[in-house]
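Visitor: Listed here are the chains, written in short residue letters.
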Amino acid sequence: MTGLIAWAATLAVAIVALGLMPVAWRLVAGPSSADRVIATDMLGLLGVCIAALTALISGHVAFLDIALGIALVGFLAAVAFARLLERASAAPAPEPKE
Amino acid sequence: MRTAIEILAALLLVGGASVVALSALGVARLPDPFSRMHAAAKAGVAGAGLLLLGAGLAFGTTGAILTAVLAVTFLVITAPLASHALGRAAYVAGAPLGSAQMSNALAGVLDRRAFDIDPAPSARSRSTKRLSRDDESAAAASPASQQPLDPAGHDAAALDPAPARRILCCLVGGESQRAATEAALDLARAAGAQVTGLSGAGLEPRVWRGPLPIGGSFWSDWMTTRSRARIRQNCAEALEEFQSLAAGTSGLDIVARHEEPEAAAFAQLLAGQDLAILPAGAGPHGMPAEPAMELAASLAHARVVPVLRVRQWPRHVRAVLLVVGDSPACGALAAGLLRSGLWAAAPVSILPVAEESPGAVAMANEQAELLRRHGRGVAVLPALDADFDMAVAQRLLARFDAAVMARLSSRHAGMLDSLRICAFETVADTVPVTLLP
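Chain order of the listed sequences is A and C. Numbering-wise, the first sequence is residues 1 to 98 according to the working numbering. Numbering-wise, the second sequence is residues 1 to 437 according to the working numbering.
Pulled out of the complex, with its shape left as it was, chain A reads as follows (with noise of 0.2 Å):
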């Protein structure tokens, strides 16, 4: 690990920080729940890339399966979001008959 990586690392490190607030300040306003559950999407992108910066940074590999497993969990989070968005907003199922 040379100091350019590193240099480097940290620079991204500082920058995808930066990126963190404008989407914390939307996860907190709103306005919609559609906005919120973005947020949420974009706060996992900004995991993953956290993640493998830390992999560089502290030197160990299994920082970027982090990243990995990031990744994956964020997708079902955000279909499962999906599936609760459009359930809580069709209207209520009939009752089933006897």
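Incorrect hints may have been included.
To be verified - If the Cβ cut is set under 10 Å, some of the chain C residues that face chain A in the computed set are:
1) GLU6
2) GLY44
3) ALA55
4) GLY63
5) THR67
6) ALA71
7) ILE77
8) ALA79
9) ALA85
10) ALA89
11) LEU187
12) MET390
13) ALA393
The hints are simulated quantities; they were obtained by calculation from the structure and are not laboratory data. Glycine included, every Cβ here is placed at the ideal spot set by N, Cα and C.
With the hints as your guide, set chain C onto chain A.
Guide: Just chain C now, with coordinates in the frame of chain A:
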């Protein structure tokens, strides 16, 4: 070699981080959920992918590069799926559409809730601040007019002709503007209605794009400023004509106003009116447009208010044509005509257009029955095939002074589709006045 790879890795790291940060900025700043999603899905995945590749290269081991490539592949495969599911859910949940409001291609395809399950107080207060007193009554009136029409017309009370009390005349300029203005004044004189001449339709309010003259946004701003100036010129000419024509008539309640509202505010402004009159061939940016792209078409698509599209204004309407296609909205045309109270004395002919399915003929007969019950002279014409002869059709259509249609064009976007002849467009180009209830 080793240094070159390290420089490449460093560039990928910093570049990827910058793209991700920009996409985060987009998530925060873009105006509606759908454009925010577009920032998160595309730019976010691109940035994260670059950054992961950079990290893999920086380690240099096969395992690290393989893991990074795997993660990128996974992101690229899943991002479209996730954002498609999210977009569909957001649409169904009723998230605000932003500027896509006026051309909502999914209307009637997917059910859509009126309000999001989480309507934030901030969004509410902002929109109520923008509304004036007139618009509040307009917003109160809109749910009734947005209810679907009873296609069979069993509800007799709803079919009583209700003459228009408030008529909106859109002043957008163009060849047919004078005819449209005359139509608005004539109809108002007949019904004693209030006329509002609204110029500036289709203009979006100016957005602030930042202090620096850098990049594409600066030039797009410059171009919108140019086209805005041209539209305003057209509007001013149309407004002047409106006022000079209105000055000749007395005893009419006439208002002229210039508004450059957002799409949502514009729809609310329209909802309080009973009839909107637009010149034919006027596109959304003050330029001549194809029937499918016209302001009248997008207004009719929004289903806020009946739209009267005027190419020429005949003083006396001898015959009315009802063009029935196969879309569900065509089943309510007769009801819309009866309710508008227009052309009460003219005999009606019904023209089924059997472009895709045979349902149009059945729907035409149903509506003929309804019109006969209301004492109108009705004739059902033979159905028009998909490959009709243009000259014959135009000779047939020349008899009619007014047409009632559900839409101006049945074209879908597509290269080969533009070669097809479209019955709706032929009618829109031949018959002087078109009512889109």
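Visitor: Hey, does the C:GLY44 contact hint survive, CB to chain A under 10 Å?
Guide: Holds - the Cβ of C:GLY44 comes within 10 Å of chain A, reaching about 4 Å at its closest.
Visitor: Report holds or violated for the interface hint on C:ALA55, using the least CB-CB distance to chain A and a cut-off of 10 Å.
Guide: Since chain A brings a Cβ to about 4 Å from C:ALA55, closer than 10 Å, the hint holds.
Visitor: Restraint: C:ALA79 near chain A, CB-CB cut 10 Å. Satisfied or not?
Guide: holds (8 Å)
Visitor: Quick one, is the C:ILE77 hint okay against chain A at 10 Å, beta carbons?
Guide: holds (9 Å)
Visitor: C:ALA85 was flagged as interface toward chain A. Is the shortest Cβ-Cβ separation under 10 Å?
Guide: OK, holds: C:ALA85 within 10 Å of chain A, min 4 Å.
Visitor: So, as I understand it, the hint says C:ALA89 touches chain A; can you test that by seeing if any CB pair is closer than 10 Å?
Guide: With Cβ-Cβ at 4 Å, under 10 Å, it holds.
Visitor: Regarding the hint that C:MET390 lies at the interface with chain A, is the smallest CB-CB distance below 10 Å?
Guide: The hint is violated - C:MET390 has no Cβ within 10 Å of chain A, the shortest such distance being about 45 Å.
Visitor: Please check whether C:GLU6 passes as an interface residue: C-beta within 10 Å of a C-beta belonging to chain A.
Guide: With a closest approach of 5 Å, the C:GLU6 hint holds.
Visitor: Classify the hint on C:ALA393 as holds or violated, based on whether any CB of chain A lies nearer than 10 Å to its CB.
Guide: violated (43 Å)
Visitor: Using Cβ atoms only, decide whether C:GLY63 comes closer than 10 Å to chain A, and label the hint accordingly.
Guide: holds (7 Å)
Visitor: Does C:ALA71 pass the interface check with chain A, least Cβ-Cβ distance below 10 Å?
Guide: Result: holds, 4 Å to nearest chain A Cβ.
Visitor: Would the stated hint for C:LEU187 survive a check requiring a Cβ distance to chain A of less than 10 Å?
Guide: This interface hint is violated because 40 Å lies over the 10 Å limit.
Hint compliance for this structure: hints 11, 12, 13 are not met, and every other hint is.
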